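K.L.:
Just need the whole structure built from these sequences, with the hints factored in.
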Amino acid sequence: MSTSPTTNKLGLSLQDYTGGKSTLCVGCGHEGITLQIIHAAFELGLEPHQVAKLSGIGCSSKTPAYFLRSAWGFNSIHGRAAAVCTGVALANRSMKNLLVSGDGDSMSIGLNHFTHLIRRNVPVVYIIEDNGVYALTKGQFSATADQGSALRWGQVNELPPVDPCTLAMELGCGFVARSFSGNPKQLKTLIKAAFAHPGTAVLDVISPCVTWNNHETSTRSYQSAKQREIPLQELGFIPPFHTEPVEIPAGESREVTFPDGSRITFRTLHEDYDPSNRIEAWRIVHESREKGELLTGLLYCHPDKPTLHDFVKTTQTPLTALPQSTLKPGPEVLLRIMEELA
Amino acid sequence: MTRVNNFSIEVATVNGSGSQTANNVLMRAIFQMGVPVSGKNFFPSNISGMPTWFQIRLSHRGYAARKPETDLMVCMNPESAAEDIARLPPGALCIYDESLKLGNCRQDITAFGVPFQELATACCPEMKFQRLVKNMVYVGVLVRLLGIEMSEATLALARLLKGKAEALNHAAMDAGYQWALANLPDQEELRVQREPRSGARLLIDGNTACALGALFAGVTVVGWYPITPSTGLIEGLAEYAASHRLDPETAGPTVAILQMEDELASAGMVVGAGWAGARSMTATSGPGLSLMTEFIGLAYYAEVPGVFVDVQRVGPSTGLPTRSSQSDIKLCAKAGHGDTLHINLYPATMEECFRFTYDAFDLAERFQTPVFLVSDLDLAMQSWITNPFEYPEGNLDRGKVLDEEALKKIQAWGRYRDVDGDGIPYRTLPGTPGGKGAYLTRGSGHNAQAVYTENPAEYTEVLLRIQRKILSAASVLPQPIHLECGGKRGVLAYGSSDPAVMEALDILREHHGTRLDYLRVRALPFSETIGGFLRSMEVVYVVEQNRDGQMAALLKEFFPKEAPRLRSVLHFDSTPITAQTIVDQILSQEM
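Here the protein sequences line up with chains G and H, keeping their order.
The opening residue of the first sequence carries number 1 in the working numbering; numbering runs sequentially from there.
The opening residue of the second sequence carries number 1001 in the working numbering; numbering runs sequentially from there.
Hints listed in this document are in silico derivations from the structure and should not be mistaken for laboratory results.
Owing to the predicted nature of the structure, the values given are computational and were not obtained by experimental measurement.
Glycine is no exception: its CB is placed at the ideal position from the N, C-alpha and C atoms.
Keep in mind that the hints are not guaranteed to be accurate.
[To be verified] Each pair of labels, with its calculated beta carbon distance range: (1) Ser1048(H) with Arg254(G): 56 to 66 Å; (2) Gly1421(H) with Leu14(G): 48 to 58 Å; (3) Gly45(G) with Gly1394(H): 40 to 50 Å; (4) Gly1394(H) with Pro306(G): 33 to 43 Å; (5) Lys1561(H) with Phe311(G): 31 to 41 Å; (6) Gly1394(H) with Phe311(G): 27 to 37 Å; (7) Gln155(G) with Asp1397(H): 51 to 61 Å.
[Claimed, not checked] Only pairs whose alpha carbons sit at most 27 Å apart, straight line, appear in this in silico BS3-like list of lysine-lysine: (8) Lys1436(H) with Lys9(G); (9) Lys328(G) with Lys185(G); (10) Lys1488(H) with Lys1400(H); (11) Lys1330(H) with Lys21(G); (12) Lys313(G) with Lys96(G); (13) Lys96(G) with Lys1164(H); (14) Lys1436(H) with Lys1409(H); (15) Lys1128(H) with Lys1164(H); (16) Lys226(G) with Lys138(G); (17) Lys1162(H) with Lys1330(H); (18) Lys138(G) with Lys21(G); (19) Lys1400(H) with Lys1436(H); (20) Lys1400(H) with Lys96(G); (21) Lys9(G) with Lys1408(H); (22) Lys313(G) with Lys328(G); (23) Lys96(G) with Lys1128(H); (24) Lys1400(H) with Lys328(G).
P.N.:
Set out below in C-alpha cells:
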C-alpha cells in the first residue's frame, strides 16, 4: 500500500481544496461529506476553477463555502439549484458541476426541479445531504423522514418517505448511489466516480443532524445508520490518468468504465445485486428499505446515456467562449430578414 | 360619401376554422397596395369552437389603434352573428353566410348573403378542406366589393401557402370574386385604392421583433415555459436561430433554448447562465413572472445579468389570457421581496421592440442586473406596419468582466467593491484560470468582498450601492419622447397606448380645439427629463391600460411634489385602448 502523496497531478495540496471556516454544529454529518469532497477533488486532481459549486438553501447548502475556495460557487434559492445548474451547464459546458443540496431542498420544495434535471441528464454531481429534518428552522420532519421515526420531543412521522434513490432510478438517472457520512472510504470513492459520470450523478448521503435528529427514537441518527447500514460493495476507483497499480478490492471483482476512461471497480457483498440492472436493483433497494435496512454503495450505474448537451445540441465550444463575430449576425442578415417581411 | 382607405373591416368566425390565413391574405393585399393597415385578432383562450374576431383597420393617416366601430362586417359565425350585426353603426356594410338568413334583421345597413358552402363545394371537391377554403371565399368577395387588386391578393396568398393548398385557396378566392362580380351591386361607400408608398415598409408582430432583437444581441441561453402571449417570441427566436445563428464548426445553433418545467426553473436557468457569463433570457407573461419573482430578487441582489421579457396579458390570476393590458407595470418595476427597483424598457413600436430587446442584453451585463422588456399582447401578437429595422451597429457591451490577464494585474479584488465610484462592481466568470477571482455568490447578506455578513453597516453599504447603480442607469436608458405644443397641459403614456394617444391628440386639436403636449415614457428608472416635463405642466393626463394607474403611482413615487398635477386616463376592459376613450376621459376632466 502506497502512502498518499502530498500533492496531486496539478501540484496542488489537499489544503488547496479546502474552504472557509464552517459554521455548522460540531459533529454535523455534513462536515464528513465536505471532507470527502475535498479529498475526492484533491485525489482526482480537479482544477478548482473548473468546478462550479451550486446549492440551494439550508444547512447543506451552506457547505460550498467550506470546500474548494478557488472554485466559483452559487448559493442560490431554496430548492432550485437544479435550475441554476442547468443554466450554468448550458452556458459553459466545460465546467464540472457539483450541486450540494439537502433532503428538504431537493425532496420537497425542489422535487419538481430534481426530477426534470434527471430527465434532461444535466451533467452534475448532485449530493443530497440527507438528515430527515429541516434543521435551520429547528427540526421539522422532511420528506425523506422514515415512517415511524420520532422527533426529539416525541412527534412521530406518519407519512411515507420519498426515497431520492429509487426516484432517481425510476427517472432513468444513469448514476445513483447512497452512502453515509460515517463511511468516508465508500463516500469518497463514490464522489470520485460521480465526477467521471457524464450526466446527472445522484448521491444520497445519510448525514445525521446532531442537533435535531440524532436521538434514540430517530432512524436518521449516527447509531441507527451504523446499525442498519448494509454496504452493497467494496468499491475502488481508478482515474483515467492512473498508471501505477491501484488498490482493488480482493475477490471476484467487476467494473464499470466511464467515457473518460476511469473505472469504478466493485466486489459485490450482497448476493445477486447487479447495479447495471435497473429494475432488479430498484426492487432490492425498495424491499430492503421496507425492511428497515440501509443499503449503501453504487445502486445503479449506466454511464452511456445522452446528456443535456446531446438533447440541446450545445456547441462544443462553451457558449460563453463564443466571440461576437459568431454571436451577432451581420447587417446583410437583418436586411434579408427585413426583405422577407416586406 | 365614399370613404377611401379609411374604414375598418371585421371578420367574425369560429376559432380553429382556419380563418387566420384568409385574414392575413386580406390584410397583406391591402398593405401591398400601400395602404396603412393594422390587424387585431380577438381570439378566445380555446383550441376550437369559440367566437373569434379579426379587425383590419385601414387608415390613410396611419392610425393604428383599435377602432371601435366596424364599417364592414363579415359574419361567418352563427353563434355571434346576431350580436355582431346589432353593434354595426347605421350605414355599415355586411356580408354574411347565406344560411344565417340575416337579410332583413336591420333596415339601416346593407347586407348581402353569400352562398359560402355552395361556392366552397364547387371549387373544392374534398370535403375535409371545404371548411378551410370557405374563408378564402370571403376574401374573394371583398376583393371585388372593395376594389382590392386581385394581383396583390394572389401575391399575398403565394407568400403564405404553397403547392396544393395555394391552388385550392386561390380557386376559392376566385370563386368568391366571380360570384360577387355576377351577383353583388357595385358599392361606392367603402373603397380601397393604391397609395404611393414612401420608403420600404413591412408587416411584423412584436414577438417576432423582440426575437430578432435577441438574435442580433447574441443571446446564448434561453430558458422558457410556454405561456400565452409570449410563446411566439421564443418559437420565433428558435426558428431564426436555426438559419441565422449557426456555429460554423458544429452547424448547430449558437443559442441553447430549453423548455423548462415551469417559470421558476426558467428564471433559475437564466440566472445560472447569466452568472456563468452567458447572454441569457426568458419570455413570459404575468402568471409566469409571479413565479419568477424570487429568482429575480436574487439576481437583483447578487447582481446577475438576465433579460426578462414580460408580454402582459389581462390579470389578475389567469384573467383573460388572450387579451391585452398594461397591468404588470408595478410587478416589473419591483419584482422581488425586500427593496428592489429594476431597469424596465417600454417599447411602443416594432422598431423599439427590436432595438430595446437588443439593448436589454447590453444593459443587463453593463449593470449586472435583470432587465425587463415590458411588452403586451397587443404589441406582441398583432400585426403592425413598420419601417425596416436599423442594424444595431457597434460591439456588444459585456460589462465589467475581469479575465485572467486583468486579474493578474490586480492586487485586491472584491466582487462587490465599488472601484470606479459608479456603483458597478467588477465581476469574474466561473472557469477563469489563474487561481484568482473565485467567489461564492449568495442571496444572503454579503459585504463588498462577497463574504456572508450580518453586519448592519456592511449590509447597508451593498444595498445602497445597488440602488445607486440602478438609478444611474436612467441617463443611458432610452429617453422619453416629447411632442411639444408649448402649452401647460400634457399627456404622458407608454407602450401600446401610443397609437391611440397620437390619434386622440389629433381629434382633440381638430375637433375640440384642445392642444396638449405629449411625453412618451420609454424606460424606468425615470430620467430627470420626465421630472422636468411634469414640473413644466399644470395638468398631465397619464394614459394607461390598467385599473390602478400603475405608472402614475410610480411617477408619484419618483416625483412626489408633482403628484397633484397627475390625472389618470384608464382603460382596462380587456380591449386595446381607443383614441375616443382617451378623448372622452380627457374632456370630462377638463370640465
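K.L.:
Each hint needs a verdict: does it hold in this structure or not?
P.N.:
Taking the hints in turn, this is what the structure says about them:
1. Ser1048(H) with Arg254(G): 56 to 66 Å: Taking Cβ atoms as reference, Ser1048(H) and Arg254(G) lie about 57 Å apart, which means the hint holds.
2. Gly1421(H) with Leu14(G): 48 to 58 Å: 41 Å, violated
3. Gly45(G) with Gly1394(H): 40 to 50 Å: Given about 43 Å between the Cβ atoms, the range holds.
4. Gly1394(H) with Pro306(G): 33 to 43 Å: Hint holds: Cβ distance 39 Å, inside 33 to 43 Å.
5. Lys1561(H) with Phe311(G): 31 to 41 Å: For Phe311(G) against Lys1561(H), whose Cβ atoms are near 56 Å apart, the range 31 to 41 Å is violated.
6. Gly1394(H) with Phe311(G): 27 to 37 Å: 35 Å, holds
7. Gln155(G) with Asp1397(H): 51 to 61 Å: 56 Å, holds
8. Lys1436(H) with Lys9(G): 20 Å, holds
9. Lys328(G) with Lys185(G): 50 Å, violated
10. Lys1488(H) with Lys1400(H): The given pair, whose Cα atoms are some 43 Å apart, is violated under the 27 Å limit.
11. Lys1330(H) with Lys21(G): 42 Å, violated
12. Lys313(G) with Lys96(G): 18 Å, holds
13. Lys96(G) with Lys1164(H): 52 Å, violated
14. Lys1436(H) with Lys1409(H): With a Cα-Cα distance of about 11 Å, the restraint between Lys1436(H) and Lys1409(H) holds, given a limit of 27 Å.
15. Lys1128(H) with Lys1164(H): 14 Å, holds
16. Lys226(G) with Lys138(G): Given that 27 Å is the threshold and the Cα spacing comes to 24 Å, the pair holds.
17. Lys1162(H) with Lys1330(H): 46 Å, violated
18. Lys138(G) with Lys21(G): 22 Å, holds
19. Lys1400(H) with Lys1436(H): 16 Å, holds
20. Lys1400(H) with Lys96(G): 25 Å, holds
21. Lys9(G) with Lys1408(H): 24 Å, holds
22. Lys313(G) with Lys328(G): Roughly 19 Å separates the two Cα atoms, so the pair holds.
23. Lys96(G) with Lys1128(H): 55 Å, violated
24. Lys1400(H) with Lys328(G): 20 Å, holds
When the structure is compared with the earlier hints, violations turn up for hints 2, 5, 9, 10, 11, 13, 17, 23 and for no others.
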